[in-house]
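Given next are the chains, with one letter for each unit.
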Amino acid sequence: MAAQTEVIKAPRTEVGLLGWLKKNLFSTWYNALLTVLSVAFLYVVLRAIITWVVRDARWEVVTTNFRVFMIGRYPGEEAWRVLVSLGIVVFLAMLTRVFRRAEGKPRRWLAIGWLLSFPLITILLRGFSRKSPFLPLVSEDMWSGLLLTLVLSIVGIGASFPLGVLLALGRRSELPVVKVLCTVYIETIRGVPLISVLFMSQLMLPLFLPPEVRLGTVMRALTGMTLFSAAYTAENVRGGLAAIPIGQYEAARAVGLNEALVMALIVLPQALRAVIPAIVGQFISLFKDTTLVIIVGLLDLLGIAKAVTGQQEFIGLHKEVYAFAAVIFFIFCYIMSYASRRLEQALGVGER
Amino acid sequence: MQNEKLNTAEDIIICRDVHKWFGDFHVLRGVNVTIKRGEVVVICGPSGGGKSTFIRTINRLEEHQRGDIIVDGIELTSDLRNIHAVQREIGMVFQSFNLFPHLKAIDNISLAPIWVRKWPKEKAVKAAMELLERVGIPEQAYKYPGQLSGGQQQRVAIARALAMQPKIMLFDEPTSALDPEMIKEVLDVMVELARSGMTMIVVTHEMGFAKEVANRIIFFADGNIVEQNTTEEFFINPREDRTKLFLSQILTH
Chain L
1 MAAQTEVIKA PRTEVGLLGW LKKNLFSTWY NALLTVLSVA FLYVVLRAII
51 TWVVRDARWE VVTTNFRVFM IGRYPGEEAW RVLVSLGIVV FLAMLTRVFR
101 RAEGKPRRWL AIGWLLSFPL ITILLRGFSR KSPFLPLVSE DMWSGLLLTL
151 VLSIVGIGAS FPLGVLLALG RRSELPVVKV LCTVYIETIR GVPLISVLFM
201 SQLMLPLFLP PEVRLGTVMR ALTGMTLFSA AYTAENVRGG LAAIPIGQYE
251 AARAVGLNEA LVMALIVLPQ ALRAVIPAIV GQFISLFKDT TLVIIVGLLD
301 LLGIAKAVTG QQEFIGLHKE VYAFAAVIFF IFCYIMSYAS RRLEQALGVG
351 ER
Chain Z
1001 MQNEKLNTAE DIIICRDVHK WFGDFHVLRG VNVTIKRGEV VVICGPSGGG
1051 KSTFIRTINR LEEHQRGDII VDGIELTSDL RNIHAVQREI GMVFQSFNLF
1101 PHLKAIDNIS LAPIWVRKWP KEKAVKAAME LLERVGIPEQ AYKYPGQLSG
1151 GQQQRVAIAR ALAMQPKIML FDEPTSALDP EMIKEVLDVM VELARSGMTM
1201 IVVTHEMGFA KEVANRIIFF ADGNIVEQNT TEEFFINPRE DRTKLFLSQI
1251 LTH
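Protein chains in written order, with the working numbering: chain L, 1 to 352; chain Z, 1001 to 1253.
Hints are supplied without guarantee of correctness; some may be wrong.
Said to hold, decoys possible - Keeping only pairs whose Cα atoms sit at most 25 Å apart, straight-line, the calculated DSS-like set for lysine-lysine is: (1) L:K105 / L:K131; (2) Z:K1126 / Z:K1104; (3) Z:K1184 / L:K105; (4) Z:K1167 / Z:K1036; (5) L:K105 / Z:K1143; (6) Z:K1167 / Z:K1143; (7) Z:K1118 / L:K105; (8) Z:K1104 / Z:K1121; (9) L:K319 / L:K306; (10) Z:K1126 / L:K105; (11) Z:K1104 / Z:K1036; (12) L:K131 / L:K179; (13) Z:K1123 / L:K105; (14) Z:K1184 / Z:K1121; (15) Z:K1211 / Z:K1244; (16) Z:K1143 / Z:K1123; (17) Z:K1123 / Z:K1184; (18) Z:K1211 / L:K105.
Simulated from the structure, these hints should not be mistaken for lab results.
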């Protein structure tokens, strides 16, 4: 009887490193062949890359121009303002990480901190007026390099997300005028390339605005990107809204919630959480699409890269410059993608 | 309107000649029924007969197209204020639970008191905990619906409906989606609720439950009430052939 109650362990199939190798890399003759070929391929490619990176590449083109890559035409004596802005963001990010499990007060303060950081950083970067002794004006049309890329993406994401949610709700609205307007907007934008939206925003936007409001090139490009991205966000959110069962609406109404509360407390939290991967994908492409502003004369990170390759003393160093730009883009895209996965894990509790 | 107020002292729900169509399909064909305060009414009948649609018109999840429905003196019209007022008076329990999957059990229950009744959070959470104790699962308070069994989910759903302190509870086939071993735990909660004096309308085929607590049974088919009687009379003395046939079908097993 005692033998029957004994726990039977699962048979061990993986014995040490050799066992793992045999199971995963050399289980059949064609698996073994593939393993050998892959290793050979990796050796050749990696060797070439590493040799180039550590021996042949002339990285002085990057180190010399580092500040240009980061802030472009932003005046050098004001560069501390960018650093302080970066410091604020890093500080808030660290606080958020420290208090990520906290509830109530600390979270509320963090939210307020993040909200305040936007106007604060805007003032810090842009300054007051041209003659002001403290924080003299640095017009946003002077912003370039990675700074411009980040400003375009962060403001673009921050503005297009709520707009996209509103458009998605509008498209599902029961009011025919709202529904038709939202649908026409979304379908028009989705039927047009981003480049033409950027051109149109440069040319058309001043026509719609009163003459005393004069938007700079950056603001016009930003408006174009936001309007463009919002349409895609709206379609992603609509997909999430469509996935919410009718029973959720009924249960929410049955406990007495009005339509606005049904949306805000029950439907949107579930719909948005379902489309996090799609929305982050949309944000990543927005981030990379900011490089298109080069066609309206703005110098984002890639535009700066192009300009740097034209410098007399660094002629012919395209590879180094674009490799550096690619690594920067990769880092930011990977951070977004990683954050999205963490967010899904954190929110996915109990959803089965 | 004034004379409506008079007979609502005792009659909490009055339905007069209620009609509803789904497209061309005439689901409710002139339903007339009055429910008294504290009464427990079981509605049974073949599926597709309109029982669920009927109780869903009472809290305006479905709109009736002709006739009057008056709940606790408030007539259900297209006036949103009336609809919300009626929905606050009525709690509903669904066949498929419909808990909010992104909220823990306790937050499912305290949500409406916080946002609709404007209770402070502490008070709402305390009340929610008491309700969870009443339905017998206080230890599940901080789990998400997806981590609970069907029977536990339905008990949370009952607690959620009770949290708004409704005068009337509607149950739409509350045990039909449950595994057999979980039906009893839900019915026990409903029996306790019935004995506490709650006005209840229950669409169910659980005739044991009906015999135990129902004051009246309504047999519903083809969009209208075929027969209604006190519980004893209904089982001993069914008058209509359709009722007899239905009873023989569900009681032989």
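Outcome of the hint check:
Between L:K105 and L:K131 the CA atoms are separated by roughly 41 Å; this puts the pair beyond 25 Å, and the hint is violated. For the hint linking Z:K1126 to Z:K1104, the alpha-carbon distance of about 15 Å falls within 25 Å, and the restraint holds. With a C-alpha separation of about 43 Å, the suggested pairing of Z:K1184 with L:K105 is violated against the 25 Å cut-off. For the suggested pair Z:K1167 and Z:K1036, the alpha carbons sit about 11 Å apart, so the restraint of at most 25 Å is met.
Only pairs whose Cα atoms come within 25 Å are accepted, and L:K105 paired with Z:K1143 is accepted, the gap being roughly 24 Å. The suggested pairing of Z:K1167 with Z:K1143 is violated, with an alpha-carbon distance near 28 Å, which exceeds 25 Å. This hinted pair checks out: Z:K1118 and L:K105 have alpha carbons roughly 20 Å apart, not beyond 25 Å. Proposed proximity of Z:K1104 and Z:K1121 is supported: the alpha carbons are some 15 Å apart, at most 25 Å.
Pair hint L:K319 plus L:K306 holds up; C-alpha atoms about 11 Å apart against a cutoff of 25 Å. With a C-alpha separation of about 21 Å, the suggested pairing of Z:K1126 with L:K105 holds against the 25 Å cut-off. Among the hinted pairs, Z:K1104 with Z:K1036 is inconsistent with the structure: their alpha-carbon atoms are about 35 Å apart, more than 25 Å. Taking the CA atoms of L:K131 and L:K179, the gap is near 49 Å; set against the 25 Å cutoff, the hint is violated.
For the given pair, Z:K1123 sits about 19 Å from L:K105 by alpha-carbon distance, which is consistent with the 25 Å threshold. Taken as a hint, the Z:K1184 and Z:K1121 pair is broken in the structure, with Cα atoms around 33 Å apart against an allowance of 25 Å. In summary, the hint linking Z:K1211 to Z:K1244 is supported, as the alpha carbons are separated by about 16 Å, within the 25 Å threshold. Simply put, Z:K1143 and Z:K1123 have alpha-carbon atoms about 20 Å apart, close enough for the 25 Å limit, and the pair holds.
Of the pairs offered as hints, the one joining Z:K1123 and Z:K1184 is violated, with about 31 Å between alpha carbons and a cut-off of 25 Å exceeded. Between Z:K1211 and L:K105 the CA atoms are separated by roughly 53 Å; this puts the pair beyond 25 Å, and the hint is violated.
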